[in-house]
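Chemist: Same order as they appear, the protein sequences are chains A and B. Residues 1 to 255 (the working numbering) are what the first sequence spells out, left to right. Residues 256 to 561 (the working numbering) are what the second sequence spells out, left to right.
Calculated directly from the structure, the hints in this document are not laboratory data. These figures come from a predicted structure and were not determined experimentally. Just to be clear, a hint being listed does not mean it is correct.
[What the hints assert, rightly or not] Derived CB-CB ranges, DEER-like:
hint: 1; chain 1: B; residue 1: Tyr297; chain 2: A; residue 2: Pro204; range: 20 to 28 Å
hint: 2; chain 1: A; residue 1: Ala155; chain 2: B; residue 2: Gly383; range: 51 to 59 Å
hint: 3; chain 1: B; residue 1: Phe369; chain 2: A; residue 2: Glu148; range: 40 to 48 Å
hint: 4; chain 1: A; residue 1: Gly246; chain 2: B; residue 2: Ile365; range: 26 to 34 Å
hint: 5; chain 1: A; residue 1: Gly246; chain 2: B; residue 2: Ser456; range: 35 to 43 Å
hint: 6; chain 1: B; residue 1: Ala298; chain 2: A; residue 2: Pro204; range: 36 to 44 Å
hint: 7; chain 1: B; residue 1: Phe362; chain 2: A; residue 2: Glu148; range: 44 to 52 Å
hint: 8; chain 1: A; residue 1: Arg147; chain 2: B; residue 2: Phe362; range: 23 to 31 Å
[Unchecked claim] Covered stretches of chain A, as calculated for chain B (at least 3 residues, CB under 8 Å):
hint: 9; region: 54 to 65
hint: 10; region: 77 to 88
hint: 11; region: 130 to 140
hint: 12; region: 190 to 202
hint: 13; region: 231 to 245
Just so you know, even glycine gets a beta-carbon here, dropped at the ideal spot from N, CA and C.
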Amino acid sequence: MIALLLLSAGIGPFVVRANPLAVDLSQVFAAPSTAHWLGCDSLGRDLLARIVWGARLSLGVSTAVVALSLAAGGLIGGAAALAGGRIDGLIMRAVDIVMAFPGFLLAIALAAILGPGLIDLVIALTAMGWTGYARLVRGEVLSLREREYVEAARALGAPPRRLLFHHLMPGLAGPLAVQTTLGIGGIIVAESALSFLGLGARPPAPSWGNMLDAGRAFILVAPLLTTAPGVAIGLSVLGFNLLGDGLAQLIGQRH
Amino acid sequence: MTHQILRRLLALLPVALSVATLTFALIHLVPGDPVSAMLGDYAAPADVVRMRHYLKLDLPLWKQYADFIFGLAHGDLGQSISQHAPVARLIREHYPATLELAGAGLFVAIIIAFPLGLIAGANAGGPGDAAAMGFAILGISVPHIYLGPLLMIVFSLDLGWLPLTGRGGLAHLVLPALTMGTALAAILARMLRQGLVRVSSADYMRTARSKGLSRSAALIHHGLRNALTPVITLLGLEAGALLTGSIVTEMIFSWPGLGRLLMSAINNRDYPLVEGCVLTFALSYVVVNMITDLLYGAVDPRIRLD
Chain A
1 MIALLLLSAG
11 IGPFVVRANP
21 LAVDLSQVFA
31 APSTAHWLGC
41 DSLGRDLLAR
51 IVWGARLSLG
61 VSTAVVALSL
71 AAGGLIGGAA
81 ALAGGRIDGL
91 IMRAVDIVMA
101 FPGFLLAIAL
111 AAILGPGLID
121 LVIALTAMGW
131 TGYARLVRGE
141 VLSLREREYV
151 EAARALGAPP
161 RRLLFHHLMP
171 GLAGPLAVQT
181 TLGIGGIIVA
191 ESALSFLGLG
201 ARPPAPSWGN
211 MLDAGRAFIL
221 VAPLLTTAPG
231 VAIGLSVLGF
241 NLLGDGLAQL
251 IGQRH
Chain B
256 MTHQILRRLL
266 ALLPVALSVA
276 TLTFALIHLV
286 PGDPVSAMLG
296 DYAAPADVVR
306 MRHYLKLDLP
316 LWKQYADFIF
326 GLAHGDLGQS
336 ISQHAPVARL
346 IREHYPATLE
356 LAGAGLFVAI
366 IIAFPLGLIA
376 GANAGGPGDA
386 AAMGFAILGI
396 SVPHIYLGPL
406 LMIVFSLDLG
416 WLPLTGRGGL
426 AHLVLPALTM
436 GTALAAILAR
446 MLRQGLVRVS
456 SADYMRTARS
466 KGLSRSAALI
476 HHGLRNALTP
486 VITLLGLEAG
496 ALLTGSIVTE
506 MIFSWPGLGR
516 LLMSAINNRD
526 YPLVEGCVLT
536 FALSYVVVNM
546 ITDLLYGAVD
556 PRIRLD
């Protein structure tokens, strides 16, 4: 499923040659045909092309968000764990405060204030996502630091930087990979929900969320307009969830 | 128990204060000028000045913050610009609808999750397990924004059983509650199954069985209670998500609650109202988390907090 998603985001736009923004009023609500495999929307735009470009947007946004969340959360959580003491307490208190705030609400509020747009969308979703990584990285670093092999390296006189990159990072990779994979599914849902509410990608840019929102008005005439993006979101989330579960099992077995 | 509740309530104050501070910071410190957003790029400078004064944005930040917290303590959240009414009154009018919806969603989630989780947990590895968990993974993956319209097509338009939108009697509540509750039901069912599988090999379960209890009786009387703790943890975490999930659901079903109030405030750039709605959602979330902590103690006396 992820392969399908990656494929459609990667080469989809080259296979489905139709322009996702091209308005063709003679094709309004066209039924699926050889020219338009999934038919057309209320403005005669090719639905399949819009789904495929939407995959690109969803995947692009969620990758950016997860990468940024991971970087910010990892840096902050790691710094807290390594600094320890008062600084650790202070940082984690701040994380707790942000976490006391429901994540999706934070994203909505930020997106509303920053205004619609892709970069603002990424910022809003990152604000929602980084705390989980900060907690995870801090917890893992604290527990890894006490492991015997790290202690042994320290006793042998390894400098802190070597400790970090050669001994701590590899141990962190597993849990982070699981959290990241599961996180992408959540971000895809949040992104489509924000776009659905009109706070994410601005129409006419094809995002699954705003396609669903637009299709809702024509649910009687053309149910495919809501079904197609709905199924696309569902399959992507399902794919990332299964991958995450699989990764978690793999790592669980190794330990 | 009362003593404990009082203590938790007291511990709630600093959290509530920090949540209020974060809300204030969101609205007032994030770059972007609300006044120019409200009046547009071509507003007369005099109007901008008047609006800033009306919104008290010309005061120093610390004064704005102090007024905000002072007003909050008195239940005063300022005036809504678009609706010409006190924000607190608007929230009081819309909040019950959201609570009703979230409560119904929670109810739906629980009545779906328990049978599913029990069936799966009692027949772990069997066909019942596979079917229940298959449904669960499906429930997690279908997004709200699609499930809502889908339910509308099937139950309102095709079958004509239930009303399409709006708030009214029980019939109006069914579809939005299903929309909100399904994903949560799936997550809870998975958690419950895991818990049941975990406890089924415990010593006390073997004791119960050797006393002559049937498998299902042992599972329900001895296993369930122990499998419940992680479910409640999750329930608390997700109940907050349920509240914010109501924003989307309210938009789909034209439900006259806080979520729709928030979205209309956002679209009208009514910042005092946005601030009030965000704050109400966030505070509800904090309170729900506190209730979860208390429930823990009720289910498992071992972790009653001292």
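Chemist: So, against the hints stated earlier in the document, which numbers end up violated here?
Modeler: Result: hints 5, 6, 8, 9, 10, 11 break, sorted rising.
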